[in-house]
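Participant: Letter by letter, the chains look like this.
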Amino acid sequence: MDRRQFLIVSATVGAGGIPNVNIKADATKEPKEFVGVLVDTTRCIGCRSCEVACSETHDNYVPDITKDNALEKIRDTSERQYTVVNRFMTEKGEVFVKKQCLHCWQPACAAACLVNAMLKTKEGPVTWDGDKCMGCRFCMISCPFDIPKFEYSGWNPRIMKCNMCYERLQEGKKPACVEACPADALMFGQKRELMEIARHRVYSHPDKYVHHIYGENEAGGTGWLYLSAVPFNQIGFRTDLGTTPYPEYTREFLISIPLIEFGVPAFLLALNMLTDRKDELREDRDWTERGADK
Amino acid sequence: MNTAAIATNEFVRFGKFFLQELKPRGKWLTPFNVISIPIILLGLFILYFRFTQGLGSVTNLSQKYPFGFWIGFDVMTGVALAGGAYVICFVVYVLRLEKYHSILKVTILNGLLAYVFYSGALLLDLGRPWHIINPIIGNSFGYNSVLFLVAWHFLLYTGALFLEFSPTIAEWAHWERLRRFLTSLTLGTVIVGITLSMLHQSGIGAMFLMAKPKIHPLWYSEYIPLLYFVSSIFGGLAMVIFEGTVSGKVFSNLIGRTSHHSHDEIVLGLAKGAAITMFVYYFFLAFIFMHGEKWTLLNGPWGYWYLIEVIGFVLIPCFMFAYGVRNKRLGVIKVAAVMTVLGVILNRQNVCLIAYNWYVPVADKYYPSWQEFVVTLMVVFVEVWVFRWVVTRMSVFSKD
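Protein chains in written order, with the numbering used here: chain X, 1 to 294; chain G, 1001 to 1400.
Just to be clear, a hint being listed does not mean it is correct.
Stated by the list, open to error - Computed list of lysine-lysine pairs in DSS-like fashion (alpha-carbon distance at most 27 Å, straight line):
{"hint": "1", "chain 1": "G", "residue 1": "K1099", "chain 2": "X", "residue 2": "K278"}
{"hint": "2", "chain 1": "G", "residue 1": "K1064", "chain 2": "X", "residue 2": "K132"}
{"hint": "3", "chain 1": "G", "residue 1": "K1027", "chain 2": "X", "residue 2": "K73"}
{"hint": "4", "chain 1": "G", "residue 1": "K1214", "chain 2": "X", "residue 2": "K73"}
{"hint": "5", "chain 1": "G", "residue 1": "K1365", "chain 2": "X", "residue 2": "K73"}
{"hint": "6", "chain 1": "G", "residue 1": "K1105", "chain 2": "X", "residue 2": "K278"}
{"hint": "7", "chain 1": "G", "residue 1": "K1016", "chain 2": "G", "residue 2": "K1027"}
What the hints assert, rightly or not - Cβ pair distances, simulated, as ranges:
{"hint": "8", "chain 1": "X", "residue 1": "V202", "chain 2": "G", "residue 2": "V1116", "range": "55 to 63 Å"}
{"hint": "9", "chain 1": "G", "residue 1": "T1183", "chain 2": "X", "residue 2": "G263", "range": "22 to 30 Å"}
{"hint": "10", "chain 1": "G", "residue 1": "Q1053", "chain 2": "X", "residue 2": "E171", "range": "35 to 43 Å"}
{"hint": "11", "chain 1": "G", "residue 1": "Y1304", "chain 2": "X", "residue 2": "H212", "range": "33 to 41 Å"}
{"hint": "12", "chain 1": "X", "residue 1": "H212", "chain 2": "G", "residue 2": "V1362", "range": "30 to 38 Å"}
{"hint": "13", "chain 1": "X", "residue 1": "R158", "chain 2": "G", "residue 2": "T1030", "range": "54 to 62 Å"}
{"hint": "14", "chain 1": "X", "residue 1": "E171", "chain 2": "G", "residue 2": "E1293", "range": "48 to 56 Å"}
{"hint": "15", "chain 1": "G", "residue 1": "V1362", "chain 2": "X", "residue 2": "E94", "range": "38 to 46 Å"}
{"hint": "16", "chain 1": "G", "residue 1": "G1312", "chain 2": "X", "residue 2": "R75", "range": "37 to 45 Å"}
{"hint": "17", "chain 1": "G", "residue 1": "G1312", "chain 2": "X", "residue 2": "E167", "range": "50 to 58 Å"}
{"hint": "18", "chain 1": "G", "residue 1": "A1005", "chain 2": "X", "residue 2": "R158", "range": "52 to 60 Å"}
{"hint": "19", "chain 1": "X", "residue 1": "E179", "chain 2": "G", "residue 2": "Y1304", "range": "50 to 58 Å"}
{"hint": "20", "chain 1": "X", "residue 1": "K67", "chain 2": "G", "residue 2": "W1385", "range": "19 to 27 Å"}
{"hint": "21", "chain 1": "G", "residue 1": "V1116", "chain 2": "X", "residue 2": "K32", "range": "43 to 51 Å"}
As the list claims (entries may be wrong) - Reference listing, derived: stretches of chain X covered by chain G, where coverage requires no fewer than 3 residues with Cβ under 8 Å from a Cβ of chain G:
{"hint": "22", "region": "130–141"}
{"hint": "23", "region": "260–268"}
No wet-lab data here; the hints were simulated from the structure.
Built from N, CA and C at the ideal position, the CB exists for glycine as well.
One chain only, chain G, in its complex shape (with noise of 0.2 Å):
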């Protein structure tokens, strides 16, 4: 038998094992089906109105606000606390931490679909979707332009993020060459793909640097960058603590029992790294603040506002993440977790739409539309539906 013939009688067999892996198993009628189902049908109602009628004709948009709610949280956020997925391989690879590497593959599909779903939603948003090519193929490269990078890096990063996934599917489909050829790959892709994140999770950040006479000087600063990589950190941590919470409850058939054990170990050092690096953020932004005189800036709403997010959403669950290590309380800690990432959400629409044209009168301001609402329940629902299927279907979580 030649190379062709094999390679046909391959591709068939891996046909046919996809077919038989597509059909659904178990039941039917979950309350998450129940719920997810209907909002994925109304969501893509709207989407067929917003791809005729324009972008005014579902959301709230307007010439004052052009980034909204599938900006500001679908992709900004989401992005951000996909950031897990690079701080566990900086771990696990650089750092050769074992501990974490029952959690390093699930983290990873974690991240990957985010920036498959949440990038993605980016598609939704763009006017004119069709020409996003254009700063790929070479006809129009602005290389002057942040965007340029955050472009190419979301793009390359979730190559990355496939490669380093890519055994897990290799091993599914049962070929056993690819996985190990894939598997050599994974320290080469690992390193790659932590630099391309430290860039485009500040690169997000430095979008907003010509923004400056818009946003609110106490949200403004030429550091934006370095907030953002920082907050990514943490946030990815405490997104990381906080699945893993859910995915225990919900898969706790597909997780092996000392692995159930360990996990608590696990998200006691995830605390422990969370509570440092935003002790490291809240410092930042203290530095921040005092070298910018912003002192008078605090009175007023603006001031009780961002105190809100940096007291009561930085510093507060920081010390909860320390109390919760020390005192190996896992409650505090994933309330602490829950809390974090509400704060780099908060961030997130703080910089990109509440603080932003911050001068203007109330009836201008943008609110989501409902919407804009289902669009983005949508876009997480859809990507639950793929998690759940990868995860009962290929060996995500750990068995031992």
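Just chain X, same shape as in the assembly (with noise of 0.2 Å):
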């Protein structure tokens, strides 16, 4: 599904609840599209300083990056830390990646999500209200990339998760790990023009990278897109995860759901009266009523 149809979709959806949109206002204004950041690989130095940037920024545990060797053994994203720099051991020496939430442009959590704590916002990310959200923990199974983390220690846990600094792009900025890279391995931008300077630097230097651009068909395409000079598999990737948006496994199962609150009552209703015996008894008393008169 591309923007169009995308725009198309949730417009219809939303026209459902808020009756009082004012289209015309709306299609006047400047379009906007998905943000997103490019990571280059083979541009990363490993140096950590997203991290900290990140846990500044929201408030959470603060990585102490001169002292704990954390580049040691793979990490994952956590409940105390929105994005982790893992370093892989590869066929050209060592890569380092940057892990965080993707952005999916139709994101499985926010399908999942029952009270729509978990939104895709217009502007692109993804991001978590803690005022809707129940805990249920489904965006957790339904995210193919195992992102959302939840906090399991607290009366009041919250689900964690990279937000693309929400509140920073309200504000005109950059997302705080984008502003604190000092190689230029993070670029933001909207994925078109972020596509762009991904396909270019590939063909320019067809030897340094692979010639795949992670993220723009996995999961349905993400907002946020990763050049290799490896295969991704390689570097902490799932390539096994197929183009489809993920919202589409549950697709067919919700159209099915009018047809059955709709058909099945009648089909039952019909059932009953089908096997209703009490005419055939009465025609079986009249026949041999009748019979008994001749």
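If you follow the hints, you should be able to join the two separate chains into one complex; please do so.
Facilitator: Pasting the structure below:
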């Protein structure tokens, strides 16, 4: 589904909920595109400044990057850190890969959420709203990248994941990690521009990069894009996720609901009338009575 | 006397009557009470920690396993095994098979309590349970979520079951006019209830559709919703046979003689239904297996584990039901019912926990903590307590 279709669908769905939307005024506004970040893993030097900047911005656990030797093992993002940098030993030497939410174009987590706490904002970031979330953790089951994390300790737990610094974007700033990167490995922008830059890099240095941009089509396309010098399965990416947007997997089931909801009761009622033997018994009796007359 | 005064009088009368009925009857020191009371108290103690210090303090849930035993067993399995209520309602009200009328009320009561307690156990597992009203009051409807459908259908179906059972409550409270009115609603409620059941039983399966990359391909298919629906039919029937057998022993003084006798006939009928639906289910499994060309997956531990579930807990009990019906062997049928119930439990645990994230190292695998077991037992015991209270006071069992 491209952006145009996506907007049509979201507008149709949205129109049900908000009948007073001023469509004319919306149409005259400058059209917006989803934003994302291009990660060039060949440029990343593994300094982990992004981890620090991220945690400081979001009041999370700030790692001591000079002492903790965290690159020794492969880490996952956690309920304490929205982003982590991992080091992979590959055929082309060590490669550093930043991990965080990929901000899918059609996020499974948002489709899974029954209260719209996980939300694909119109700017592109996928955000979480603690006033709506009931903590069911269905987003965690659904996310193909295993990104949402849950605070298991504490009476009022939160779902923790990167929100692409949504608050900073609103102020016209870039995400904190992008701003903190000293190696120019992260580039913030609209996906269309980022794709052009990514393709340009791959085409002009065909032996430096593998000819694949991770996130272009994975799980229906993501906001964050990755360039790599080695095949992506060597640097911790799942390459078996397919290109179907994950909400598509539940589409047919959801469509069948109204069909069943209206069809089955009618069918059951018909079956109930069909099995009614009252008339049959009366007919029997009528027939016998008539027979008795003769 | 005006209406308000009559209503007040009636209210006071019912209040006194209710307090009277609340008092325990019979012996206190039964083996069941001796076992269940300490476990219920221990469960409450554990829940205190769960609600003050978080889920992590008492459960083994992790970032890799966000659904644990409380969801996988209490909610998912509990709801599947409560499927008997809609199946029996279908048979009695839609197909008008009067033979099963005598087990109708007790099956509906079992279903109602299962929904109240097992889907109610969801509240223990939610991180922010006080937000559970959000999908119900209209401030944030996630229409595109399967779970939204499941949540609403749980709620509506529990209401439907309550309405189906309400004539018995009205009869117990001596509200004759209300009882007649509630009885007149039954057919409509039953039809709505069956539809809601079809949708949420399959909806629980549909919850795993987006977990495609995480569930072992032997257990994942796009037909999970259909499989969950069909297995809730025979799982429900097996549970009705099992509960009927246990109730027949424990509450034999409450059950009339003739219905004791005809219960064997009912069990044979239920077993026939279970055998047929299980065979259909097995056929679906085989079809999905062959269509997906999964032969190579059978080699190895996961393949053997899958065969244990499908052959050992679907095909074998299916044939045992058929054999038991043909030769009128009730013992075989009862064993088959227990195996079928275990099979449904196993299937739900496989999809939700065991074959979920099957590729993670053994050290990262989830297994329930003892606290999770105790709380689950607590939920079951409280349900049995309420069941016992209701059947000893209202006319649930057939007295003929």
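Participant: Take the hints in turn and mark each one as holding or not.
Facilitator: Hints and how they fare:
1. G:K1099 to X:K278: holds, 17 Å
2. G:K1064 to X:K132: At roughly 23 Å apart (the allowed maximum being 27 Å), K132 (chain X) and K1064 (chain G) satisfy the hint.
3. G:K1027 to X:K73: Roughly 62 Å separates the two Cα atoms, so the pair is violated.
4. G:K1214 to X:K73: holds, 23 Å
5. G:K1365 to X:K73: holds, 19 Å
6. G:K1105 to X:K278: holds, 24 Å
7. G:K1016 to G:K1027: Holds, at roughly 23 Å.
8. X:V202 to G:V1116: 55 to 63 Å: holds, 59 Å
9. G:T1183 to X:G263: 22 to 30 Å: holds, 27 Å
10. G:Q1053 to X:E171: 35 to 43 Å: holds, 37 Å
11. G:Y1304 to X:H212: 33 to 41 Å: Check passed, 37 Å falls within 33 to 41 Å.
12. X:H212 to G:V1362: 30 to 38 Å: Check passed, 33 Å falls within 30 to 38 Å.
13. X:R158 to G:T1030: 54 to 62 Å: violated, 45 Å
14. X:E171 to G:E1293: 48 to 56 Å: holds, 53 Å
15. G:V1362 to X:E94: 38 to 46 Å: Once the Cβ atoms are compared, 29 Å apart, the range 38 to 46 Å for E94 (chain X) and V1362 (chain G) is violated.
16. G:G1312 to X:R75: 37 to 45 Å: Given a distance of about 41 Å, which is inside 37 to 45 Å, the answer is holds.
17. G:G1312 to X:E167: 50 to 58 Å: holds, 55 Å
18. G:A1005 to X:R158: 52 to 60 Å: Taking Cβ atoms as reference, A1005 (chain G) and R158 (chain X) lie about 53 Å apart, which means the hint holds.
19. X:E179 to G:Y1304: 50 to 58 Å: For E179 (chain X) and Y1304 (chain G) the Cβ distance comes to about 53 Å; the hint holds.
20. X:K67 to G:W1385: 19 to 27 Å: violated, 56 Å
21. G:V1116 to X:K32: 43 to 51 Å: holds, 47 Å
22. 130–141: With 11 residues in contact (Cβ-Cβ under 8 Å with chain G), the coverage given for the region 130–141 of chain X holds.
23. 260–268: Check passed, 5 qualifying residues.
Checked against the numbered hints listed earlier, the structure breaks hints 3, 13, 15 and 20; every other hint is satisfied.
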